[in-house]
Amino acid sequence: MDFFHAHQAQHYLVLAAVLFALGALGVVLRRNALIVLMSIELMLNAVNLTFLAFSRFPLMGTSPQGSFLTGHAAVFFVIATAAAEAAVGLAIIIAVFRSRTSVNVDEFDALKL
Amino acid sequence: MDVNWLHLIPLLPLVGAAICGLSGKWLAKSWLYATALLAVTLSFCLGIYGFFNLPEGTKELHELAFNWFSVGNLHVDMGFSLDRLSGTLVLVITGVGLLIHIYSVGYIDEDRGYWRYFAYLNLFVAAMLTLVLGDNLVAMFVGWEGVGLCSYLLIGFWFTDEEKAYAGRKAFVVNRIGDFGFLIGIFILFNRLGTVNFAQINTAALPLDIASLAAICLFVGATGKSAQLPLYIWLPDAMAGPTPVSALIHAATMVTAGVYMIARLSHLYILAPGVMAVVAIVGALTAIWAALIGTSQNDIKKVLAYSTVSQLGYMFIGVGVGSFFAGTMHLITHAFFKACLFLGSGAVIHGLHGEQDMRKMGGLRKYMPSTRATFLVATIAITGVLPLSGFFSKDEILGQALHTKAFDFLTLTPGGSAHLTWLGTVIYIVGSAAAFLTSFYMWRCYFLTFSGEYRGPSSVHPHESPLVMTLPLWILAALSVVALVIGLPAEWVHGTFLQDFSWEHFTRGMWGAPRGGSPEEFSPYLGYGIALVVGLLGFASAYFSTFRYGIEGDDAITARVPFLRRTLANKFYLDEFYGFLVVRPLWSFARGLWRVVDATIIDGLIVNGVGGLVAWVGAIARRFQNGDVQRYAAVTAVGVAALVYVFLVRG
Amino acid sequence: MNFNPSDLYGILPALILSVGALVVLMSEVFLRAVQPERLGVAGGAAGAAHAQLMPGSDSKPLPPAPSPDRRYQAWLAAAFAFAALWAAVAQFGDPNVPLFAGAAVSDGFARVVAAVACGSLLLSCLVAFSYLEALRATRGEFYALAMFSAAGMCLIAQATDLIVIFLSLEVLSLSLYALCAYLRRGKRPAEAAFKYFILGSFASAIFLYGAALAYGATGSTRLADVANAVKLLAQHQSMPGVAPLLLASVGLLIAGFAFKVAAVPFHMWVPDVYDGAPAPVTGFMAAGVKAAAFATLVRILISGFGDASAATGDRGWRALIIGLAVLTMVVGNLLAVPQRSVKRMLAYSSIAHAGYLLVAVASMASWQSRADGTSGLLFYLASYGATIVGAFGVVAIIERKLAQSGLPDDLSSWAGLSEKHPALAAAMSLFMISLAGVPPTAGFMGKVVVFRSAIEGGLAPLAILGVLTSVAGLYYYLRVVVYVYMYPQPKGEAVQAGRLFSAGLAIAGCALIVLWMGIQPGAFGAITQAAAASFGK
Amino acid sequence: MSWLDAHLLTLVIFLPVVGGVLVALLPRGEGGQHKGVALVFSVTTFVASLPLWIGFHGKLAFEQKSEWAPTLGFSYHIGLDGVALLLFMLTTFLGPIVVLSSWKFVQERVKEYCLAILLLETAMLGTLAALDLVLFYVFWEAMLIPMYLLIGMWGSERRIYAAVKFFLFTFVGSVLMLLAIFWLWSNSGPVGHRTFDYLELLQSGAIDHETQGWLFAAFCLAFAIKVPIWPLHTWLPDAHTEAPAAGSILLAGVMLKMGTFGFIRYAMPLFPQAALEHAPFIATLGVVGIVYGSLMCMAQTDLKRLIAYSSVAHLGFVMLGLSALTREAVSGAVLQMVNHGISTGALFLMIGYLYERTHTRDLAAYGGVATVAPAIAATFLVITLSSIGLPGTNGFVGEFLILIGTFTSHAVNHASLLSVVASTGVILGAVYMLWLYQRVFWGPARKAVQHGLPDLTVREWVTVAPLLVAIVWIGFQPQPLLNAIREPVDAFVERVVHPQDDARKRADALPPVDLMPRVVDAVQAAPAPQEAEGK
Amino acid sequence: MMEAVLFYIFAIGVIAAGAQVVLRRNPIYGALSLVGCFFFLAGIYLLLAAHLIAILQIMIYAGAVMVLFVFVIMLLNLKDEELGEQRMTAMKVVGIIAVLATTGVIAWRALGAAYPNGPQVDNALRISGFGTVREVGRVLYLSSVLPFEVTSLLLLVAVVAAVVVAKGKI
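Taken in order, these protein sequences are the chains called A, B, C, D and E. Counting along the first sequence from 1, when you hit position 17 you're at 16 in numbering that gives the first Met the number 0, and nothing is skipped either side. Counting along the second sequence from 1, when you hit position 223 you're at 222 in numbering that gives the first Met the number 0, and nothing is skipped either side. Counting along the third sequence from 1, when you hit position 81 you're at 80 in numbering that gives the first Met the number 0, and nothing is skipped either side. Counting along the fourth sequence from 1, when you hit position 201 you're at 200 in numbering that gives the first Met the number 0, and nothing is skipped either side. Counting along the fifth sequence from 1, when you hit position 160 you're at 159 in numbering that gives the first Met the number 0, and nothing is skipped either side.
Simulated from the structure, these hints should not be mistaken for lab results. Heads up, a few of these hints could be off.
Claimed, not checked - Derived Cβ-Cβ restraints for the label pairs, each shown as a range: (1) A:Phe3 <-> E:Arg86: 35 to 45 angstroms; (2) D:Ser155 <-> B:Ala27: 56 to 66 angstroms; (3) E:Arg86 <-> B:Ala620: 21 to 31 angstroms; (4) B:Ile619 <-> D:Asp489: 54 to 64 angstroms; (5) B:Leu604 <-> D:His208: 31 to 41 angstroms; (6) C:Lys419 <-> D:Gln202: 47 to 57 angstroms; (7) D:His358 <-> B:Asn3: 18 to 28 angstroms.
Built from N, CA and C at the ideal position, the CB exists for glycine as well.
Work out the full structure: start from the sequences and follow the hints.
Structure follows, in structure tokens:
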């Protein structure tokens with residue numbers, strides 16, 4: 000357990016990295032547009048986690064003029080953004096679905112070459 | 000002495016040419032003729048005026064017309080100089096030219112291209128006068144190429160006939176080959192002396208190599224213009240032109256330009272004795288070569304053409320052995336009798352409505368007496384069975400060749416011991432042989448044409464030409480008799496009033512003396528004797544073959560030596576040889592080069608190749624853009640990986 | 000309260016645009032209905048085409064009933080765009096002031112970019128007007144979204160805080176996603192929007208992760224703090240953990256914007272999106288987004304990581320930008336060659352131009368050519384913007400015809416344009432020539448300033464590669480001219496009748512700007528050079 | 000010095016543009032009007048350019064320097080030295096002829112046609128007059144577009160291939176030159192004092208040997224393609240063959256000269272060491288061009304293609320002359336530029352007229368034209384003679400000067416050998432030109448002329464006559480032209496043959512700036528680094 | 000001690016749920032496991048003393064956003080066969096490798112090396128009221144005015160965009 004305490008910050012950061020990787024994999028792999036969208040949400044959350052971890056465990060010698068809570072503010076904005084993206088993204092998926100009754104990404108190849 | 004009217008001599012015919020050429024189509028015939036003749040007449044008069052007012056001492060009139068162009072240290076002037084040599088030639092050109100103009104009035108009258116004809120003729124006279132009057136190489140070159148142009152135009156005068164058109168082109172191109180040498184000669188002299196004026200060149204002390212190089216290059220030009228081996232091939236074909244043209248250009252004047260040039264540059268040539276030897280040898284070879292061919296031609300003009308070539312060979316022997324006066328003298332006399340011969344043949348052809356084959360002639364003496372008479376005189380003059388002009392000039396040349404000292408110190412190999420003292424003798428023998436042949440074929444020609452019975456188709460009624468044509472014949476015949484006075488040996492005329500007419504005496508001091516010095520006074524009688532015998536032998540052989548038996552006699556010879564006759568009739572197949580060796584290879588090489596290098600390698604392989612490659616790669620590469628958004632995402636991920644790698648790992 | 004109302008003056012263009020967008024949205028409420036024929040002949044045809052080209056959707060023909068008259072909205076939007084442009088231009092020469100406690104800045108650089116964005120918005124609105132009217136697809140939201148995204152561009156050019164950058168990026172992106180999917184003509188628009196959206200958010204997530212790491216390294220998201228950290232790093236006075244974080248973050252940040260500027264290998268979305276989106280939108284994207292994205296990239300690299308050690312040092316980002324530039328120039332031109340759809344060709348060509356702009360960015364890395372590089376970049380952005388908006392303006396006129404006849408977009412549909420529409424043909428050729436960089440056009444001057452700065456920065460090989468690839472570019476640009484001028488016109492009208500006025504106005508404007516910048520580049524040169532002072536010295 | 004004198008050159012350069020604007024404003028379809036305007040303006044341009052010729056006194060004249068884009072370092076600096084003046088006059092002289100020549104041939108898209116011609120004229124004039132490298136480059140490239148349209152819109156079957164090929168070929172070369180120009184700019188002085196001005200660049204900053212080689216190569220490529228020098232010539236036959244008569248005339252008459260002009264004005268004086276070093280190479284290429292081009296001519300069956308290749312040969316002479324670096328040769332080369340412009344231009348003019356009548360360029364179809372159209376035959380003969388350099392025509396003086404100058408050159412070793420080989424071009428020239436002449440004009444009437452041809456009309460006479468006069472006039476009075484170019488030619492030879500003097504001059508001018516990238520912080524970077532080059 | 004246990008529990012939860020999102024074929028399961036993932040994340044946030052954020056996470060994400068997702072999924076109600084089979088392409092493999100490599104390198108080189116000798120500073124202990132609404136609010140409303148305003152603009156844009164895109168026909 001003291002291993003955890005010794006490398007507390009790294010634990011959070013690496014967790015974030017893993018989450019980010021998961022999201023990215025989802026974007027690259029899944030052919031279902033909705034799940035691709037969710038994977039992007041995952042990535043954003045990973046970023047949030049990174050922000051928070053850093054704002055709790057700042058590196059030595061970092062002395063921002065602002066407070067250490069700018070990280071939290073950033074997360075706040077990111078959440079808002081994520082919501083906005085989700086809304087627009089879902090709308091687009093609906094539009095696509097309208098025009099071809101499918102949400103399978105690999106069938107969207109009217110535009111190519 | 001500087002005068003300001005010399006330029007008129009070439010200018011007047013030029014103006015005449017301009018008038019005839021530009022307005023000839025609309026000008027009334029008579030006016031046109033008047034213009035053309037007047038132009039020549041006037042410059043003739045000017046020539047006489049100048050000739051007889053040559054100042055004492057320098058004996059040269061000079062005019063700097065205008066500075067043509069001068070850059071850096073190259074200054075080329077349009078300068079004219081009229082001295083004894085060029086003066087005489089001016090007289091010959093304008094005089095003979097005038098006669099031929101007159102003759103042409105009758106000859107070309109029916110042709111609808113008459114105005115072109117006279118324009119060309121005047122232009123030629125102008126160019127030829129520039130050639131002889133020019134006081135520097137470039138000015139001379141202007142005339143040099145100008146006459147070439149005119150000969151091209153006049154040979155191709157009846158251009159609808161492919162043959163004639165081709166002949167014209169051939170003449171020009173072959174001449175160009177010569178001119179190429181001429182140009183190089185100019186370059187060499189300029190590069191050494193920084194000038195192109197005869198005055199400086201003739202007084203310059205050039206080292207042997209430069210002099211030889213320049214001389215030989217210029218001589219190449221001469222072989223082109225004066226139809227010497229190996230470039231003579233254009234001249235026989237040049238007979239495609241109207242006969243008066245052949246008389247004026249391809250017999251009397253233009254073809255002698257080479258001889259004139261060498262005489263003009265005598266002081267340069269004597270600095271290059273080796274080259275002089277070459278000149279003499281080439282002359283001798285040409286003389287015999289052409290004479291041989293001449294014996295087996297049946298086209299009357301062809302015979303005359305080859306005789307011209309061989310006579311030119313004599314002239315080159317003359318200048319080659321260092322007796323420039325002899326060469327130039329033969330030039331003058333030859334101008335008279337050869338013009339006469341050509342005009343005579345022209346009259347014959349005219350009288351036979353264009354028939355040129357001697358085998359379809361014969362017995363014309365009763366139809367065209369004056370033509371026959373003049374032709375006879377000229378024939379005698381050229382064959383030298385009787386001492387007329389040709390006899391003296393030719394034998395002067397041969398005698399000089401026999402006694403020349405020009406080659407005495409020449410060695411075959413540099414620094415070798417074997418001196419070429421025998422060269423003169425050899426040349427003399429060859430020349431004499433050529434003289435025999437000359438006599439033979441000229442008489443053969445005469446007999447086949449005028450004696451015996453008429454062999455042509457009965458549809459053709461031979462008739463004598465009008466006075467306008469016969470008059471020049473008579474005058475020329477007279478001249479070729481009278482001209483003998485200039486050839487009389489010095490000691491014959493010494494002290495008499497004739498000595499002023501002796502060409503040798505007249506031009507004394509003009510020429511450079513060959514390195515071996517001029518031959519000391521030798522008695523000409525032996526030479527004359529041999530010459531007479533040779534001439535008579537030729538006459539006899541012709542007489543017994545063709546006079547006796549007419550055409551059958553000639554055929555008998557053919558039957559006797561068929562192979563020889565065929566070879567000679569086909570001019571030793573020289574044209575075919577060139578065609579096989581040079582002409583056709585060149586053209587096919589050009590085509591091959593175009594197809595392979597230009598079309599295939601540069602354009603096909605490189606230019607279009609690169610373009611094609613780019614397009615091809617692009618076409619392949621775009622396949623990668625297959626519209627699958629996740630592939631795009633994957634590529635993006637790869638990109639990110641690369642960036643991160645670069646920053647985190649590589650660094 | 001560290002907020003000073005005068006800061007608002009600094010972001011005036013963005014404000015004007017946002018207000019304008021709201022006004023236009025409002026105008027939707029007060030629409031006056033008129034008879035369809037008052038709206039021009041195109042309606043019926045458009046309706047029919049629209050019906051047949053919408054499988055899957057409820058396709059009933061347009062109601063003959065009176066339809067609302069939206070013709071003024073375009074001019075309204077244009078007016079606001081012009082106002083914003085004027086605001087940006089009016090601020091030229093003002094001193095550079097930090098805004099909102101360093102979250103943003105108002106400097107010459109940002110103003111020029113804002114001017115470019117507003118200018119392309121203005122012209123694109125005019126182009127879009129006749130386009131949409133002809134297809135009977137006018138909605139206030141279209142212009143509103145366009146203005147929102149322009150506002151985002153203005154903001155992002157000014158932002159000096161990674162979070163602000165991210166937010167403005169989202170503002171401009173989201174509205175553009177919507178604009179791509181705006182038309183309902185077949186599958187293509189929605190698909191384009193989807194691809195753009197997925198990849199766009201993917202990229203912004205990556206960017207955001209980079210921002211997070213930067214925050215970790217510096218404890219702040221302000222570029223100024225990043226710069227300090229970099230400087231400390233250069234002087235070896237920073238904590239051991241900082242360096243790798245900074246490096247990772249700069250990598251991710253570059254990746255995020257390499258995507259936006261369409262640098263190879265982050266370019267894959269460009270052809271599909273440009274192809275699928277409506278031509279006026281594409282033009283706006285090509286001009287505005289490129290300007291904004293490049294501005295931000297430069298802002299991050301120079302204000303954040305501009306220190307010599309980070310730029311041209313052995314681990315500097317210049318090498319990387321050079322690599323991207325090489326890839327981008329080569330691939331962009333190479334792939335444009337086989338294209339037969341003008342729209343797609345222009346898409347690939349915009350990739351290629353991104354490559355040339357990256358050359359300018361690379362030359363900004365070293366001190367002695369930083370000013371030249373900056374002014375070169377701005378000049379090129381302006382010239383490219385004017386050209387490409389005009390080009391897509393012409394494309395729009397052709398495309399709306401195709402959208403009705405349902406023909407594929409192919410060069411053959413351009414054949415003989417010069418016979419019936421010499422002016423259009425001349426304009427298109429002018430734009431092509433300008434894109435190819437042949438004088439006397441803006442494109443040429445752009446290339447001059449960019450490559451000159453490259454030579455100045457000692458990047459001769461890069462410059463040589465650039466000009467050589469631009470030869471390949473010439474080939475496919477000329478092909479358009481060939482079709483326009485040298486092929487006979489096929490039967491039928493090349494262009495749908497009517498509704499040419501505003502588009503013509505815009506195209507003419509672009510043509511004039513292109514010629515002006517090509518023949519009298521002095522004024523623009525002065526502006527860009529003044530702006531170049533934004534980055535030190 | 001009145002305002003007019005100060006701005007005369009600008010006026011002349013941009014007169015055609017004014018005409019172009021007028022043409023553009025005229026309503027479409029009124030063919031006559033457009034042509035009329037074009038004609039009026041081209042004639043006016045010529046008339047207006049006469050004072051330039053009269054008022055010229057050897058030195059660089061009619062200079063005008065004013066601001067263009069100071070912030071970018073460009074200046075509007077124009078002026079004419081003798082060489083430029085000759086070509087300038089040639090261009091204005093050919094202008095009206097070109098417009099007139101296509102009066103009948105061009106019937107559709109007259110408006111674009113006239114526009115293209117006029118713009119092209121301005122571009123060419125500007126290229127000759129420019130004294131600022133960017134200005135030069137702008138005009139230089141601007142030439143391409145109208146010519147491209149001329150070929151592509153009014154050409155014959157394979158016109159598009161030819162047009163694109165023409166544009167791409169010339170573009171490839173010039174872009175690298177542009178970079179070299181930038182290099183010169185960066186080298187021309189400290190930041191803020193840099194310049195594109197030709198005259199100042201001649202004096203400023205020495206360039207080390209290797210760099211000079213590269214820059215020279217870049218410039219050479221641009222100009223060599225335009226000339227064109229073997230083996231970069233393959234665009235020329237296509238362009239000439241497909242272009243309409245007017246296009247060919249301008250292309251042969253002026254545009255090719257831009258390449259040689261570039262050599263004598265920019266490439267060689269700017270980089271004298273490199274020029275001197277590579278002169279033998281260029282001279283050799285010139286000779287290759289002469290022989291190769293002539294041989295190509297012998298292989299052609301297409302009239303225009305043949306003449307196009309003959310241009311390759313003729314410009315080979317010019318390049319030989321330029322790189323021989325003697326006063327005679329260089330003067331001859333410059334003169335030959337003008338001559339080639341006149342005679343080859345005239346050739347294309349006449350062939351254009353033949354083509355209008357017979358609609359074929361195939362040699363085999365021709366024959367016996369002289370019988371039906373003697374005037375055409377006569378004029379063509381004169382032009383042919385000038386093109387094969389017969390004394391008394393302009394062609395002779397030029398070729399003679401080039402050859403004799405080359406023969407005596409010391410700057411190039413084996414120069415005399417080159418000159419001799421080049422002289423064979425004189426023979427080959429006669430071979431193919433006379434072959435062409437015989438084939439087309441002599442012999443029996445063949446397919447193309449069986450139904451007879453109308454002879455030259457008055458309009459056509461008006462276009463040909465001036466050229467004939469020029470041919471003969473220059474043939475006999477070349478000296479005024481040679482005087483005009485003496486000063487620049489001397490300067491050129493002096494500068495290139497003795498580069499070390501020039502190097503010295505530059506040495507006490509500004510120290511060089513080495514452009515290797517290096518990290519300097521703001522303090523250092525303020526002025527340009529002052530250390531002189533180490534090597 | 001306690002913190003460690005909780006962290007590992009939440010972490011495993013986050014990863015497991017995240018994996019479910021990526022692996023589950025049916026979007027509805029994906030959505031639900033995403034909700035779960037968000038809950039675990041909220042826990043992690045609490046461990047990081049980000050109280051406000053944790054709340055927002057639950058409310059906005061697990062609440063609003065996911066509802067939206069589920070709603071859309073229902074709206075489209077995809078049949079099972081419409082989902083089709085997941086296929087693997089070479090490019091996808093390359094993508095996987097790239098993603099793993101990137102995150103791996105970052106985690107190993109950057110994150111791992113971030114704290115050479117353990118985190119020295121723990122703001123949660125150092126700063127009183129760290130992560131509370133009050134403190135975060137100060138930051139939001141005082142020192143980050145611009146982002147806040149831009150966010151408002153962003154949301155407006157989102158609304159308009161969503162409306163335009165989702166519209167039936169234009």
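Does the Cβ distance between leucine 604 of chain B and histidine 208 of chain D fall inside 31 to 41 angstroms? 34 angstroms, holds
Hint check for glutamine 202 of chain D and lysine 419 of chain C - Cβ pair distance inside 47 to 57 angstroms: Since the Cβ atoms of lysine 419 of chain C and glutamine 202 of chain D sit about 55 angstroms apart, the hinted range of 47 to 57 angstroms holds.
Could you say whether the range 18 to 28 angstroms given as a hint is met by the Cβ separation of histidine 358 of chain D and asparagine 3 of chain B? 55 angstroms, violated
Can you let me know if the beta-carbon spacing of arginine 86 of chain E and alanine 620 of chain B is within 21 to 31 angstroms? 24 angstroms, holds
Hint check for aspartate 489 of chain D and isoleucine 619 of chain B - Cβ pair distance inside 54 to 64 angstroms: 57 angstroms, holds
Falls inside 35 to 45 angstroms, the C-beta gap from phenylalanine 3 of chain A to arginine 86 of chain E? 41 angstroms, holds
Taking the CB of serine 155 of chain D and the CB of alanine 27 of chain B, does the distance hold inside 56 to 66 angstroms? 46 angstroms, violated
The structure does not agree with the numbered hints 2, 7 stated previously, though it agrees with the rest.
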